[in-house]
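Here the protein sequences come in this chain order: X and P. For the first sequence, my numbering gives the first residue as 1, with consecutive numbering after it. For the second sequence, my numbering gives the first residue as 1, with consecutive numbering after it.
Just so you know, the hints here were simulated from the structure itself, not pulled from any lab data. Every residue gets a Cβ at the ideal spot worked out from N, C-alpha and C, and that includes glycine. Keep in mind that a hint or two might mislead.
Said to hold, decoys possible - What the simulated footprint calls covered on chain X by chain P, stretch by stretch (three residues with Cβ under 8 angstroms from a Cβ of chain P suffice, anywhere in the stretch; the number is not a length):
| # | stretch |
| --- | --- |
| 1 | 25-35 |
| 2 | 57-64 |
| 3 | 68-75 |
| 4 | 122-128 |
Stated by the list, open to error - According to the in silico footprint, chain P covers these stretches of chain X (three or more CB under 8 angstroms from chain P):
| # | stretch |
| --- | --- |
| 5 | 39-46 |
| 6 | 102-110 |
| 7 | 131-145 |
| 8 | 150-158 |
2 protein chains.
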Amino acid sequence: MSDPAPFEPACPFPIENYPQVLLAHGGGGRLMHQLIQRMIVPAFKNPWLEQQHDASIFELGGQRLAFTTDSYVVRPMFFPGGDLGSLAVHGTVNDLAMAGARPLYLSAGLIIEEGVAMESLWRILASMQRAATAAGVQIITGDTKVVDRGKGDGIFINTAGIGVVEQTVSIAPASIKPGDAVLVSGDLGRHGMAIMAVREGLEFESSIESDSAPLAGPVRALLDAGVEVHCLRDITRGGLTSVLNELAEASGFPIHVEEARMPVREDVRVACEILGFDPLQVACEGRMVGFVPEPEVERALKIWSGIEVTAGAVRIGEVGQGGAPRVILKSTIGAQRILDMGSGEQLPRIC
Amino acid sequence: MSDPAPFEPACPFPIENYPQVLLAHGGGGRLMHQLIQRMIVPAFKNPWLEQQHDASIFELGGQRLAFTTDSYVVRPMFFPGGDLGSLAVHGTVNDLAMAGARPLYLSAGLIIEEGVAMESLWRILASMQRAATAAGVQIITGDTKVVDRGKGDGIFINTAGIGVVEQTVSIAPASIKPGDAVLVSGDLGRHGMAIMAVREGLEFESSIESDSAPLAGPVRALLDAGVEVHCLRDITRGGLTSVLNELAEASGFPIHVEEARMPVREDVRVACEILGFDPLQVACEGRMVGFVPEPEVERALKIWSGIEVTAGAVRIGEVGQGGAPRVILKSTIGAQRILDMGSGEQLPRIC
Numbered sequence: 001m002s003d004p005a006p007f008e009p010a011c012p013f014p015i016e017n018y019p020q021v022l023l024a025h026g027g028g029g030r031l032m033h034q035l036i037q038r039m040i041v042p043a044f045k046n047p048w049l050e051q052q053h054d055a056s057i058f059e060l061g062g063q064r065l066a067f068t069t070d071s072y073v074v075r076p077m078f079f080p081g082g083d084l085g086s087l088a089v090h091g092t093v094n095d096l097a098m099a100g101a102r103p104l105y106l107s108a109g110l111i112i113e114e115g116v117a118m119e120s121l122w123r124i125l126a127s128m129q130r131a132a133t134a135a136g137v138q139i140i141t142g143d144t145k146v147v148d149r150g151k152g153d154g155i156f157i158n159t160a161g162i163g164v165v166e167q168t169v170s171i172a173p174a175s176i177k178p179g180d181a182v183l184v185s186g187d188l189g190r191h192g193m194a195i196m197a198v199r200e201g202l203e204f205e206s207s208i209e210s211d212s213a214p215l216a217g218p219v220r221a222l223l224d225a226g227v228e229v230h231c232l233r234d235i236t237r238g239g240l241t242s243v244l245n246e247l248a249e250a251s252g253f254p255i256h257v258e259e260a261r262m263p264v265r266e267d268v269r270v271a272c273e274i275l276g277f278d279p280l281q282v283a284c285e286g287r288m289v290g291f292v293p294e295p296e297v298e299r300a301l302k303i304w305s306g307i308e309v310t311a312g313a314v315r316i317g318e319v320g321q322g323g324a325p326r327v328i329l330k331s332t333i334g335a336q337r338i339l340d341m342g343s344g345e346q347l348p349r350i351c
Numbered sequence: 001m002s003d004p005a006p007f008e009p010a011c012p013f014p015i016e017n018y019p020q021v022l023l024a025h026g027g028g029g030r031l032m033h034q035l036i037q038r039m040i041v042p043a044f045k046n047p048w049l050e051q052q053h054d055a056s057i058f059e060l061g062g063q064r065l066a067f068t069t070d071s072y073v074v075r076p077m078f079f080p081g082g083d084l085g086s087l088a089v090h091g092t093v094n095d096l097a098m099a100g101a102r103p104l105y106l107s108a109g110l111i112i113e114e115g116v117a118m119e120s121l122w123r124i125l126a127s128m129q130r131a132a133t134a135a136g137v138q139i140i141t142g143d144t145k146v147v148d149r150g151k152g153d154g155i156f157i158n159t160a161g162i163g164v165v166e167q168t169v170s171i172a173p174a175s176i177k178p179g180d181a182v183l184v185s186g187d188l189g190r191h192g193m194a195i196m197a198v199r200e201g202l203e204f205e206s207s208i209e210s211d212s213a214p215l216a217g218p219v220r221a222l223l224d225a226g227v228e229v230h231c232l233r234d235i236t237r238g239g240l241t242s243v244l245n246e247l248a249e250a251s252g253f254p255i256h257v258e259e260a261r262m263p264v265r266e267d268v269r270v271a272c273e274i275l276g277f278d279p280l281q282v283a284c285e286g287r288m289v290g291f292v293p294e295p296e297v298e299r300a301l302k303i304w305s306g307i308e309v310t311a312g313a314v315r316i317g318e319v320g321q322g323g324a325p326r327v328i329l330k331s332t333i334g335a336q337r338i339l340d341m342g343s344g345e346q347l348p349r350i351c
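Using the sequences and the hints given, assemble the complete structure.
And the structure:
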């Protein structure tokens with residue numbers, strides 16, 4: 001057919017090395033990071049995307065608003081501790097919260113495969129609404145597309161979200177400073193292991209439930225108490241390892257963490273061993289890292305410990321002064337090693 | 001697996017009649033309308049969705065903002081007159097414009113099937129950026145997911161958009177009044193026929209190119225000139241017929257239109273005849289209907305005639321006073337018939 005390709009600018013992504021998109025390009029690891037940094041950000045070149053933040057902030061009429069989007073393609077659609085619908089609400093609410101925004105409104109874009117049971121669709125929609133109500137947001141606009149059987153996979157959901165940033169300080173990777181303490185808000189790796197246990201048909205003594213939850217409440221609690229927060233990031237694809245690597249790169253500082261301080265539940269640790277995963281690379285959907293200056297650590301942890309979803313918050317390390325912007329892990333036996341981002345091949349379609 | 005279904009409210013959609021999602025549930029016709037009105041709107045029950053508008057308007061700090069979302073799953077990804085990328089920008093820009101908003105910021109959520117050529121991805125992204133620049137919007141936040149081969153179909157794009165509503169009047173279905181003239185901004189059915197011609201491998205004497213284009217400019221031109229505009233709606237899935245039926249229902253008034261006034265290009269009319277389509281049910285992606293009071297008709301048409309994308313604007317009918325909220329077509333031989341919404345089965349994945 002007649003399709004003269006219009007002029008394209010040169011692509012900074014090394015297409016010769018990766019002529020086709022791989023599953024790992026969506027896996028939250030090194031390959032995805034490269035695709036975003038060398039293809040997507042350059043394509044849309046603007047200062048917002050270059051901030052590498054979960055949500056972009058813009059000003060309008062003297063107000064600061066946050067805007068974010070995420071698509072959700074997790075399989076299976078229903079899993080212990082949640083489902084595609086609640087995940088699609090929590091994930092976007094959390095991306096807004098990570099920018100210090102109060103989440104207000106969501107959109108819902110559904111891409112449904114022909115043949116999906118209407119009953120399943122209704123359950124997913126009802127779950128979205130319950131999650132939205134619990135998180136204090138409204139789903140005010142939507143779209144529905146249907147694709148032919150075999151051209152989709154059940155239901156995919158995109159949610160975009162708008163929030164308002166009420167404080168004047170910027171909670172962002174660029175605000176991270178040497179000496180900041182690094183906190184995590186609870187135990188790691190449960191969402192990923194809940195999904196993998198279902199996929200692999202594994203039965204553990206206790207069921208591992210996803211940690212999927214909205215985090216706007218505990219963020220608001222810190223801000224309302226006047227805690228000085230430098231940066232927040234929810235831990236999703238690629239796990240803690242990807243988040244810390246991204247933030248080391250974006251801030252320009254090394255991050256030092258200790259293996260012995262990492263909160264991982266025993267059943268999750270066992271499941272990870274059986275399936276050959278590193279819990280620090282496994283996705284959460286209701287956990288975040290927080291960067292606060294040393295004098296604020298005690299107060300921040302006290303506030304979080306009083307809120308159910310962050311009751312397991314601990315300090316795992318601190319931001320270093322000099323050296324390459326890497327993540328350095330002190331192992332339980334005292335050795336230091338660089339914690340590299342995984343390629344992203346291990347856990348496809350976890351969110 | 002352990003999956004105790006949480007309590008769901010009763011679903012007002014007749015699941016017993018449609019236990020599974022059909023392709024037609026995304027086709028822009030009667031079945032899609034029913035799915036939205038009886039399942040999706042009730043699930044998220046709130047006044048915004050009940051307005052049945054292309055974009056939802058909310059107030060924040062004394063400003064009125066518009067928010068909208070659409071996913072794009074068109075096949076093929078490249079077609080005469082456009083591609084998936086430009087379509088994904090134009091469609092969302094247009095939804096904002098239809099609410100009288102000035103489009104400002106877009107999000108981009110990509111769902112990519114494993115194996116897509118990187119080169120195609122880059123072409124689509126570059127096309128999005130060109131379209132965004134031309135429409136005066138910025139793509140400030142994004143997300144990338146990859147699904148396994150055979151679980152998607154090339155690239156799906158969701159774009160959500162934010163705009164600001166600067167005028168005080170409400171451009172919405174509820175503002176339609178008896179006696180309003182009904183305008184269309186240009187010739188009908190080109191986008192759908194461009195896609196179908198490619199799919200069917202048809203060769204016409206002249207290539208039919210999609211009308212895909214941003215409409216924010218011609219909307220702004222009316223508003224800047226102070227033209228009183230009651231309602232605008234872009235003509236997409238289901239064509240003019242679906243749009244007019246939706247607006248008759250939403251406004252509560254009948255809409256009378258004349259077949260002889262419908263602008264359909266000769267090659268599009270021929271293609272429709274060959275393929276068995278009604279041009280009034282075929283999608284456009286750069287056309288809108290406008291409802292203006294009688295005294296404003298001449299001025300509105302004059303303004304639009306001076307802008308390339310709306311140069312073919314004409315008046316096709318008017319809003320009636322009483323009777324059922326239906327669409328009545330006066331045929332070329334003078335007979336009147338009710339123009340019913342199609343089921344939506346004819347043109348899957350047109351946008």
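Hints, verified against the model:
1. 25-35: holds (count 5)
2. 57-64: Coverage by chain P holds here, the residue count being 5 at a Cβ distance below 8 angstroms.
3. 68-75: With 6 residues closer than 8 angstroms to chain P, the stretch 68-75 of chain X meets the three-residue bar; holds.
4. 122-128: holds (count 6)
5. 39-46: holds (count 6)
6. 102-110: holds (count 6)
7. 131-145: holds (count 9)
8. 150-158: Contact hint for the stretch 150-158 of chain X vs chain P: holds, 6 residues under 8 angstroms.
The earlier numbered hints are all upheld by this structure, with none contradicted.
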